[in-house]
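Participant: Given chain G, put chain X in place with the hints provided.
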Amino acid sequence: MSSIPHDHVAGHAHDDHAHHPSGIMRWITTTNHKDIGTLYLWFSMIMFLAGGVLALTIRTELFQPGLQIVDPEFFNSLTTLHGLIMIFGAIMPAAVGFANWQVPLMIGAPDMAFARMNNWSFWLLPFAATLLISSFLVPGGAAAGGWTMYAPLSVQAGMGMDFTIFAVHILGASSIMGAINIITTILNLRAPGMTLMKMPLFVWTWLITAYLLIAVMPVLAGAVTMLLTDRHFGTSFFNAAGGGDPVMFQHIFWFFGHPEVYIMILPSFGIVSTILPAFSRKPLFGYASMVYATGSIAILSFIVWAHHMFTVGMPAAGQVFFMYATMLIAVPTGVKVFNWVATMWKGSLTFETPMLFAIGFIFLFTMGGFTGLVLAITPVDIQLQDTYYVVAHFHYVLVAGSLFAFFGGIYYWLPKWSGRMYDETLGKWHFWLSMIFFNVTFFPMHFLGLAGMPRRIPDYATQFADWNMVASIGAFGFGLSQILFLYTVLKAIRFGPRAPARPWEGSDTLEWTLPSPVPYHTFETPPAVV
Amino acid sequence: MDRIDTASAATEIARRMGHAALAASLLASSGAVYAEREYNLQTPVTSIAAQIFDLHTYIMWTCVVIFVGVFSVMFYSIFAHRKSKGHQAAQFHENTMVEIVWTVIPFLILLFMAFPATKTVLAMKDASVPDMTVKVTGFQWKWHYDYLDHGFSYVSNLTTPDAQIHNREVKGEHYLLEVDQPMVVPAGKKVRVLITAGDVIHSWWVPAFGVKQDAIPGFVRDSWFTAEKPGIYRGQCAELCGKEHGFMPIVVEVKSADDYAKWLDAQKKKSAASVDDMNKVWDPNDLIARGAKVYAANCVACHQATGKGVPGAFPALDGSPVVNGPKDAQIKIVLNGVVKDGEPTAMVAWKNTLSDTDIAAVITYTRNSWGNHTNQAVQPAEVKADRS
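Chains as they are written, first to last, in this note's numbering: chain G, 4 to 533; chain X, 22 to 409.
Keep in mind the hints are simulated off the structure, nothing from the lab. Idealized CB from N, CA, C, for every residue including glycine. A portion of the hints provided could be inaccurate.
To be verified - Pair by pair, the computed Cβ-Cβ distance ranges are: (1) G:427 to X:108: 13 to 23 Å; (2) G:246 to X:300: 32 to 42 Å; (3) G:428 to X:103: 14 to 24 Å; (4) G:490 to X:359: 44 to 54 Å; (5) X:317 to G:63: 28 to 38 Å; (6) G:63 to X:147: 40 to 50 Å; (7) X:358 to G:191: 35 to 45 Å; (8) X:359 to G:435: 52 to 62 Å.
Bound conformation, chain G alone (with noise of 0.2 Å):
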């Protein structure tokens, strides 16, 4: 990786003509990448409390068996709603936000490279949450198939669904031109030196997530829009009455949604590696074969969409096929773990919040790791797919992963955007918090999930009954974390001591070397990489 003098001083101070409108208006014309990697960051903060508020109304409801605050019809919208929010409303734009502020940065670039279209990218997020939102309100209520939108459920189901597809439309619509635009900015606006095998890992996953972006998202609109004919217009593509069938809208689903999990994990991989090594130290370990993990990790993705559908009853070579190539992704994933691993090994450890929330992410993203893999075994899956271990699984990877990576990443960058300082006791308050609640609500779901209790259910049998309680309690004490962490960041922003220029020790890409906080135009004249 690059290294970069630490005396070298970019000294933008005295040209930081920062020329743009006041108020709202910033906002809405923006075409700073640092304005719309903020803009996207609250965005994802709001979907992501919007989505909490539906999963704890969930948890609320499976507190104690039996009907008690909603109706059925009224929680699998809830459970529909809560994937789609968290998926397409938090979790990836959380993750442009991160590529928006920090590629440009570690990569000594001025901008993105389409700015206008950066701008447009973003403020097509609002409108499509506004109608995935809305569609409560509708006749028939939002959307109630599950966040897969399985035909002819979703084919059977009221306007809500409508609703649903043109957000995601929209939303992929948005993914497509971010991806471009990241693909265009890495590959045209290094700075001179920056060579491929020198860049930031995190700009590495960055990098290889987009191109999954631009070779699934058009697949998903597809998939989205036969379902639209198929409810509207009369086509019968998932029909079998029609000579359709309801399978081939999994497999295009899936053949979208496996790559999509990388999606939102490979992000969060680059930037745990770049906090370890910062924490540690000492230089990531094995950043080669980190960089041919990923890409191996996202090639494997797209021949593995069927083990999420191993009970549609698919002939034994199918099932045997996709049960080896699951397995497989086990390597580079281990591969990933020993390398940050190894990164640790003889550093010189220090432990603020963000390297909390990354050796957190490595725990427990093992853990969901372990899980897919025993998931990947066809007849363990055949036992436990759609039961509350796949709910499990997911969240380990999905919360404890995607989203432990990002809180660690807010509070590593926080000082370099804002100028300021977290308060590291509340930092340290909200990791522990985070995990101890975590494992509370979602580790008792692997034993509901082997005991047989299904998800995607509004009541269930009493054997089920203590665990779902436990996870009731667990999931109101992290959500309740989570105001923690809003609070703090709020209160860093406002009022958190002024941070130096590079307050990490160990930390050494591009944007240390920018002053606190880093003005607004940036890398206009490249940065000397050597």
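Facilitator: Here is chain X on its own, set in the frame of chain G:
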């Protein structure tokens, strides 16, 4: 919670919390005391389920060992290589040999997992030479069992009373896992199940058998099981299928060969006796009584016990112009379902699931219930006449 007073509800919550805390602490200490079914896969009663159980145990423990190994190294590092202890950072950052080793070793471990897993996949797929075949059809939200070899069939409905679901009564032992007529099979016989669906995708799942097969409308899939031990085994629909997805359990009763023969005999007689005389003219009150049962089993999930439906999703029957209008129009809707824009709606066709007598009864019931007072009875012969 109308009838259970707040105090007893609070006591129940306190009891469960105590139970939950106990469960958590037991897990932390030994974990072995609690019943298996709360932590682990259900006790298998077929060889396939047993293989799945063993596979899961083997793979889980392999993962646990690797996990403990890897994180011992990491936590040693967290403990020993701290800056606060004055540890100086080494600067090594590459070792090709190490990378090769930790690529190859996991690969070899995976081979040892893939081998037994593949054997089980092939065994699960071998549905050949069954002793009997039962066709299972998923409907929103009930299962239909068709004994193809014997020419009778029946629908299996949830029997948990609404009062238990809405917390007005104490929940029973098999809350949400009980049905009026379970699927019945003999022990020790290879049963092939042909699985399909009539509306949306469902999934027929009996954990103790290790069988989970999606029921796909328009396609027939198969699976099989040989249950070794008589008993009652319970499962649930495993694929989200709409509003009542959580309320369509699967119950399979495995009987000894003798008991099964007796049951089969009784079913055949019942089936013969239930072929009603189509030309019989029924007394309206008998039709209403029979119709109430048909309604409770088939219609109540959408149209509700009050007949008011769910606004925006399922139309009300109470005061409906169809129910209070000409008989023929209503008969045709019940027979053929409602098709909108060329697509079937949630109002499915009942002509293949309900007999003429049942349809006549349920229509008579709806025309003379709630605020509907047509004082008209529909006779089976009228339904038969409209089947064309």
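Participant: I want to verify a distance hint. Is the separation of the beta carbons of residue 427 of chain G and residue 108 of chain X within 13 to 23 Å?
Facilitator: 21 Å, holds
Participant: Tell me if the beta carbons of residue 246 of chain G and residue 300 of chain X are separated by a distance inside 32 to 42 Å.
Facilitator: Between residue 246 of chain G and residue 300 of chain X, where Cβ atoms are some 41 Å apart, the hint holds.
Participant: For residue 359 of chain X and residue 435 of chain G, compare the CB-CB distance with the range 52 to 62 Å and indicate the outcome.
Facilitator: 56 Å, holds
Participant: Mind checking the hinted window 35 to 45 Å against the Cβ distance between residue 358 of chain X and residue 191 of chain G?
Facilitator: For residue 191 of chain G against residue 358 of chain X, whose Cβ atoms are near 58 Å apart, the range 35 to 45 Å is violated.
Participant: So the hint says 28 to 38 Å: do the beta-carbon atoms of residue 317 of chain X and residue 63 of chain G match that?
Facilitator: 30 Å, holds
Participant: Could you tell me whether the CB distance from residue 428 of chain G to residue 103 of chain X stays inside 14 to 24 Å?
Facilitator: 19 Å, holds
Participant: Regarding residue 490 of chain G and residue 359 of chain X, is the given constraint of 44 to 54 Å on their beta-carbon distance met?
Facilitator: 53 Å, holds
Participant: Do the beta carbons of residue 63 of chain G and residue 147 of chain X sit within 40 to 50 Å of each other?
Facilitator: About 46 Å separates the Cβ atoms of residue 63 of chain G and residue 147 of chain X, which means 40 to 50 Å holds.
The structure does not agree with numbered hint 7 stated previously, though it agrees with all others.
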